[in-house]
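Chemist: The residues making up each chain are set out below.
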Amino acid sequence: MDTTLTLAFSSVAAVAGLYRRGEASPVDLTRLLLERINHLNPQLHAFITVAGDSALDDAEEAVRRLRRGDPGPLVGIPMAVKDSIPTKGIRTTANSRVLEDWVPARDAFAVERLRAAGAVILGKTNLNEFGWSIPRDDDLCPPPRNPWNPGLAAIGSSSGSGAAVAAGLSTAALGTDGGGSVRLPAGQMGLVGFKATHALVSRGGVLHAGTIGDVGALARTVEDAALLLDALASYDPDDPDAEPRGQVDHVRALNQDARGVRIGVPASYIGEIPVEPDIRAAFDAALADMTRLGALVVPVDLPGLEHARAANLVALVAEHYATHETLLGPRWDRYGRSARLYSSMGAFLSAADYLRAKEIGRLVRQDVDAAFSEVDVLAMPTSPVVTAEAARQPGAHRRGINASFTAPFNLTGHPAFSVPCGISAVGLPIGLQLVGRHYDESTLLRIAHAYEQATAWHAMRPKDPAVVP
Amino acid sequence: MRHSKTAFREVVAALGLPASDEELDLLWEMVADLHDQTDGLRRYLIERSGGDPLTGHATLNGAE
Numbered sequence: 000m001d002t003t004l005t006l007a008f009s010s011v012a013a014v015a016g017l018y019r020r021g022e023a024s025p026v027d028l029t030r031l032l033l034e035r036i037n038h039l040n041p042q043l044h045a046f047i048t049v050a051g052d053s054a055l056d057d058a059e060e061a062v063r064r065l066r067r068g069d070p071g072p073l074v075g076i077p078m079a080v081k082d083s084i085p086t087k088g089i090r091t092t093a094n095s096r097v098l099e100d101w102v103p104a105r106d107a108f109a110v111e112r113l114r115a116a117g118a119v120i121l122g123k124t125n126l127n128e129f130g131w132s133i134p135r136d137d138d139l140c141p142p143p144r145n146p147w148n149p150g151l152a153a154i155g156s157s158s159g160s161g162a163a164v165a166a167g168l169s170t171a172a173l174g175t176d177g178g179g180s181v182r183l184p185a186g187q188m189g190l191v192g193f194k195a196t197h198a199l200v201s202r203g204g205v206l207h208a209g210t211i212g213d214v215g216a217l218a219r220t221v222e223d224a225a226l227l228l229d230a231l232a233s234y235d236p237d238d239p240d241a242e243p244r245g246q247v248d249h250v251r252a253l254n255q256d257a258r259g260v261r262i263g264v265p266a267s268y269i270g271e272i273p274v275e276p277d278i279r280a281a282f283d284a285a286l287a288d289m290t291r292l293g294a295l296v297v298p299v300d301l302p303g304l305e306h307a308r309a310a311n312l313v314a315l316v317a318e319h320y321a322t323h324e325t326l327l328g329p330r331w332d333r334y335g336r337s338a339r340l341y342s343s344m345g346a347f348l349s350a351a352d353y354l355r356a357k358e359i360g361r362l363v364r365q366d367v368d369a370a371f372s373e374v375d376v377l378a379m380p381t382s383p384v385v386t387a388e389a390a391r392q393p394g395a396h397r398r399g400i401n402a403s404f405t406a407p408f409n410l411t412g413h414p415a416f417s418v419p420c421g422i423s424a425v426g427l428p429i430g431l432q433l434v435g436r437h438y439d440e441s442t443l444l445r446i447a448h449a450y451e452q453a454t455a456w457h458a459m460r461p462k463d464p465a466v467v468p
Numbered sequence: 000m001r002h003s004k005t006a007f008r009e010v011v012a013a014l015g016l017p018a019s020d021e022e023l024d025l026l027w028e029m030v031a032d033l034h035d036q037t038d039g040l041r042r043y044l045i046e047r048s049g050g051d052p053l054t055g056h057a058t059l060n061g062a063e
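Same order as they appear, the protein sequences are chains A and B.
For the first sequence, numbering that gives the first Met the number 0 gives the first residue as 0, with consecutive numbering after it.
For the second sequence, numbering that gives the first Met the number 0 gives the first residue as 0, with consecutive numbering after it.
These are computed hints drawn from the structure, not numbers from a lab.
Every residue gets a Cβ at the ideal spot worked out from N, C-alpha and C, and that includes glycine.
Any given hint could be a false lead.
[Stated by the list, open to error] Taking beta-carbon pairs under 7 Å as the criterion, some of the chain B residues facing chain A (in silico): (1) Leu14; (2) Gly15; (3) Leu25; (4) Leu26; (5) Met29; (6) Val30; (7) Leu33; (8) Gln36; (9) Leu40; (10) Tyr43; (11) Leu44.
If we strip away everything but chain A, and leave its shape as in the complex, we get (with noise of 0.2 Å):
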């Protein structure tokens, strides 16, 4: 890789570094991916909307916040945004004609912690329109394609900020995770991916949050989400499931190694799911590293789970139409042909679907919790299945199968990571996924490093010449 290229493939940690000693610019960096953004886009489908003219007056301030000696991890990295996530000042779409033109007066939260923290907003990228549907060429703005292989659609719904990262068009990105989102897509494009405990990171103002969603990350590394967490987490009022916590240090558990962690795989629950083969060697091999660092390894029976990612499913689909109720009759022609199908399922449940649908949720959140009194965190693979084309196939993504390790967390509250940990076949990167107790993301992020350390898994990049010449 030449030095260009190694730039815009870099951590945010390694990108800070540079700017600290004077190797690198806020300024050139924001320009090197904004001509990726230009010529790679047109394939990748990774940004609806480009913010160069913003992007390039967010690095200037950041040269003049570095000069004052800004001392913030944050100052002057390039980010990508989810576009169901508000940006004063950018078009907010959410991939739906419905809001196409809208131009948000107000920053959601977690964007005003980026901009605060001197982050560089390089635009907003591309979704599943309003987070659920079989994404289509006919929408506002075509399906991303997987960077690791243009010829795979990429995986969502956050499925833009997959691709942005993964292509080397921004450092990181926001997501949102309401059943996978965030993680499903940090898995199969290589990133390192995460949904905090439910409400740590503020939902405040970010279209469909409902009770459920969440607000994440993509990066590149274990260090580059902890110092994104680190900026992200802080108690809105405003978000109605928020709890005011203390600030949390969490780039220091990288420090800790992984022996002695509990680690507890759901072995029966796994073996319910049809895993792909690929996934299931991947996952046995990261089990058997993370054994070899002085982990523990032990099975535990959580037989709730099947029932939570069902439930998710049914109050994610209730919550959706509850948000579009109004807009979808007189509309209808405004959403795509998938998402207006996909909005519309839940005027078939009734109030007491939905109420069954939260307290299988606080019943299972007890059986996680009494499972974390034997073993500090949860292991299993992030997605049964290494392509977005099989996902979809439409039965199973309409029961949310693509899902079943990733969303019961969402139900449940619990904050949960994907990490690489293996490559497939057909050239896609393969996720691990690693749940802890409530606001225990130290303890995640402690495994999490060690495991990357120890791998290589991480350091890849994809081969296809079109993204890395």
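Start from chain A and add chain B according to the hints.
Modeler: This is chain B only, laid out in the frame that chain A set:
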């Protein structure tokens, strides 16, 4: 709430959703899948709360 297909069409129309015949057929399938899920959740809660799975006689907290 399961409906006959005729009633389903009437509900869609009453909701003001201008779905085509093709869309109605697709939505019908999607809703049927969704109701399979809600039926499973109802059974799970009844079993877990110690209720009677045949009559469905149970409350969320297991109290009669």
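Chemist: Confirm or reject each hint.
Modeler: Against the structure, the hints:
no.: 1; hint: Leu14; verdict: 6 Å, holds
no.: 2; hint: Gly15; verdict: 3 Å, holds
no.: 3; hint: Leu25; verdict: 6 Å, holds
no.: 4; hint: Leu26; verdict: 5 Å, holds
no.: 5; hint: Met29; verdict: 5 Å, holds
no.: 6; hint: Val30; verdict: 5 Å, holds
no.: 7; hint: Leu33; verdict: 6 Å, holds
no.: 8; hint: Gln36; verdict: 4 Å, holds
no.: 9; hint: Leu40; verdict: 5 Å, holds
no.: 10; hint: Tyr43; verdict: 5 Å, holds
no.: 11; hint: Leu44; verdict: 6 Å, holds
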